[in-house]
Amino acid sequence: MRRKKNLIINLLIIVFTATFLISGFYIGRYYYTIYRSEKAVSDLKKLIGEDDKITDTNQINTEQSEEKKVEFTDIDGVQVQNKFVKVYKKNKDFIGWLTISGTKIDYPVMHTPNNEEYYLRNDFKKNWSIEGTPFAAGKCDPLKPSDNVIIYGHNMNTGTLFGELTKYADKGFYESHKYIEFDTIKEDALYEVIATFKTEIDYSNKNAFKYYNFFDANDKTEFDDYVKKAKEASPYQIETTANYGDKLLTLSTCSYHKNQGRYVVVAKRIMVNNKLINQDKDKKKKKKKKK
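Following my numbering, the numbering of the sequence shown begins with 35 at its first residue and continues without gaps.
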């Protein structure tokens, strides 16, 4: 009887020990892949440099009109602006860099049209990673760019990747993080947030706002409808809006308020290579308002 009891105890010890070791392995693997991914990104930043990056939204001058001269290098028939040449040579799926100053969102963006979600669980070096790497939707063209470029990224509980995107639910956070930088291999661009909202993926509901299906507008009505629905879904009013002809950037991440919940931030392009877009039109509108 005692021998049988000891055998059971020994078996339980073995089971608990094995469970502990296996759990420890997966937890260790989880944090190691995050470390490896973040280290890879940190190394890439050193190749680019921080000289022309905005570190404080207060530095942004929306009256600036002098266009920055961008120089390019031809790499296998692709024109790549010089600051990204070293990064592009390491991985030709790379199409740009996304930054929201004052947050941890400061990452390369990948694009694999024929295998859209490849970087969902792969880092920049194509190693498996729980974090993955931000990537543009396969159906959009980030370099043209499409009327709406959608970029996806994981909502990590460590705050990395798009983990801070849900903070836009707080208007105070929006007020101090209105601008998004998305510099591609073709041009530098600055975007201003026009809407932010919670939603869910619901393919069965015909009336659901399928923001993830909008890339290029067939006409003004379709573009205006997207902007209207995005702004109506926002928890607070944002005065800045977008008009037909503007280029949009939509950031999307998981949100845990529902099973297929998503948190979305929509912004419009306001500067290209340091030059304000539609500057003359904006000035005319301001003059009309004053009259």
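These aren't lab readings, by the way, just hints derived from the structure by calculation. Accuracy of the hints is not assured; some may be wrong.
[To be verified] No more than 27 Å apart at the CA atoms, straight line, and that leaves these computed lysine-lysine pairs for DSSO-like:
| id | residue 1 | residue 2 |
| --- | --- | --- |
| 1 | K124 | K79 |
| 2 | K159 | K281 |
| 3 | K254 | K232 |
| 4 | K159 | K102 |
| 5 | K123 | K173 |
| 6 | K138 | K240 |
| 7 | K244 | K232 |
| 8 | K173 | K205 |
| 9 | K212 | K240 |
| 10 | K173 | K292 |
| 11 | K281 | K117 |
| 12 | K265 | K212 |
| 13 | K178 | K73 |
| 14 | K178 | K205 |
| 15 | K244 | K281 |
| 16 | K102 | K73 |
| 17 | K292 | K178 |
| 18 | K254 | K138 |
| 19 | K244 | K173 |
| 20 | K160 | K262 |
| 21 | K102 | K117 |
| 22 | K244 | K309 |
| 23 | K79 | K309 |
| 24 | K173 | K159 |
Quick rundown of the hints versus the structure:
| no. | hint | result |
| --- | --- | --- |
| 1 | K124 to K79 | holds, 13 Å |
| 2 | K159 to K281 | violated, 30 Å |
| 3 | K254 to K232 | holds, 25 Å |
| 4 | K159 to K102 | violated, 31 Å |
| 5 | K123 to K173 | holds, 24 Å |
| 6 | K138 to K240 | violated, 36 Å |
| 7 | K244 to K232 | holds, 12 Å |
| 8 | K173 to K205 | violated, 31 Å |
| 9 | K212 to K240 | violated, 32 Å |
| 10 | K173 to K292 | holds, 26 Å |
| 11 | K281 to K117 | holds, 23 Å |
| 12 | K265 to K212 | holds, 15 Å |
| 13 | K178 to K73 | violated, 30 Å |
| 14 | K178 to K205 | violated, 32 Å |
| 15 | K244 to K281 | holds, 18 Å |
| 16 | K102 to K73 | violated, 31 Å |
| 17 | K292 to K178 | violated, 34 Å |
| 18 | K254 to K138 | violated, 35 Å |
| 19 | K244 to K173 | holds, 14 Å |
| 20 | K160 to K262 | violated, 38 Å |
| 21 | K102 to K117 | holds, 13 Å |
| 22 | K244 to K309 | violated, 32 Å |
| 23 | K79 to K309 | holds, 24 Å |
| 24 | K173 to K159 | holds, 23 Å |
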